[in-house]
Amino acid sequence: MRVELLCTGDELVTGLITDTNSTYLEARLFDLGVKVARVTLVGDVRPDITGALLEASARADVVIVSGGLGPTADDFTLECAAAAAGVPMEEDARVLGWLKERYAARGMPLNPGALRMARIPAGTEPVRNSQGSAPLVIQQLGRAHLFFLPGVPREYRALVDGEVLPRVRTWLAAESGRTFRAFRLLRTVRLPESVLNERVMPLAPSHPRVVFGFRTHAPENHLKLMAEAPTQAEADAALAAAEAACRQVLGTHVYGADGSEYAPVLLELLARGGHTLAVAESCTGGLVAQELTAVPGSSQVFIGGAVAYSEKMKSAWVGVPPDILEKHSAVSSQTALAMAEGVRVACGATFGLSVTGYAGPGGGTPEDPVGTVYCGLAGPGMESRCERISLSGDRDRVRLFAASHVLEMLRLHLLAAPVSP
582 MRVELLCTGD ELVTGLITDT NSTYLEARLF DLGVKVARVT LVGDVRPDIT
632 GALLEASARA DVVIVSGGLG PTADDFTLEC AAAAAGVPME EDARVLGWLK
682 ERYAARGMPL NPGALRMARI PAGTEPVRNS QGSAPLVIQQ LGRAHLFFLP
732 GVPREYRALV DGEVLPRVRT WLAAESGRTF RAFRLLRTVR LPESVLNERV
782 MPLAPSHPRV VFGFRTHAPE NHLKLMAEAP TQAEADAALA AAEAACRQVL
832 GTHVYGADGS EYAPVLLELL ARGGHTLAVA ESCTGGLVAQ ELTAVPGSSQ
882 VFIGGAVAYS EKMKSAWVGV PPDILEKHSA VSSQTALAMA EGVRVACGAT
932 FGLSVTGYAG PGGGTPEDPV GTVYCGLAGP GMESRCERIS LSGDRDRVRL
982 FAASHVLEML RLHLLAAPVS P
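All residue numbers for the sequence shown refer to the working numbering, where the first residue is 582 and numbers rise by one.
Simulated from the structure, these hints should not be mistaken for laboratory data. Mixed in with the good hints, there may be bad ones.
Claimed, not checked - Listed next, the in silico SDA-like pairs over lysine to any residue satisfying Cα-Cα at most 25 Å (straight line):
#1 Lys805 x Arg609
#2 Lys805 x Ser775
#3 Lys805 x Glu989
#4 Lys681 x Arg619
#5 Lys805 x Gln829
#6 Lys681 x Gly704
#7 Lys616 x Leu746
#8 Lys616 x Pro734
#9 Lys616 x Tyr605
#10 Lys805 x Gly945
#11 Lys805 x Ala822
#12 Lys805 x Arg750
#13 Lys908 x Tyr890
#14 Lys908 x Gly945
Working from the sequences, and respecting the hints, build out all of it.
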């Protein structure tokens, strides 16, 4: 099955907004074993939209169109669909009834703009939109099934999940000679994309049914595995073999798979051991705490922390001795260690983490230039540890990777030496 996406709107082609709808749908289709063949962006120009519809329907089995279904003058995607099919626009009684119900429930009159949404190309099928006003419209154009969806992400996603994907799933099941697929996304940290490639691509010849792909999602790099075979059992077996081989060469760089996210994985490791955590941050400005507290239930593990940005606060809040700051500076291994140990004691946590460094663009010294960060870890039954890292890029990138690095210090410690609280 060949699927194409067509996204309409001047706001997309002028960069005013980012097309998140396509990203969402691509991932959902990929879960079904369908790789989107093409994504086309078209501005609010009638001949361009009509032409794009005709071209896509000549190439694809399914075309999913977003945008231009609303009540305003620049919402004319369905008029272009009618022109492409050579049919008139008609007022649909079902859609009109849905609109009357929705507007009445909100205490609003049906204005001329709202009535525009009741007009759809003759011969098309409307589907009620539970999240908004404009309906989903389904059209047959040549051999292609066309779905027209509103561009509002909340409405788009609800209709994709509730109406579009079930139909696609049914058509896939009916295909003869179908290729079955199985997927895995391995998520890695502290592994540059080039190194990830070097480690896993020598495995590819031994797994001819598996396609290896790569995706950077800073600060992580992901390995995509897709197995294809005549039966689902064969695809699953091929994927399992390739995944096992990749995990063997990647080791603890792999923190999770598919929908796993880093912070929940780390918090689960801590919770499993009955541990708690506190953090002291300087250059990251609370990013570490933000990453952890974004997870529901994190309060069972994460006690709290401090953004000890100035030297005064490093002493007052997390107990860094003034003589360490005077002798070694705020950006040093000695300060990072004292911060980790101090916040652990102050909060009564099992583990303490710390980050201090030069995020830029100013600051730095010849010995510790901009991008130098010291990460500290303190905990029971261990000697407090500090790691110095050198990061490149702008301020945001340095802070992002510093936060990731210090959390990974803790995860690797827990994997290597689990301890009792």
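Query - Hint check against the structure, violated hint numbers in rising order - result: Violated: hints 4, 10.
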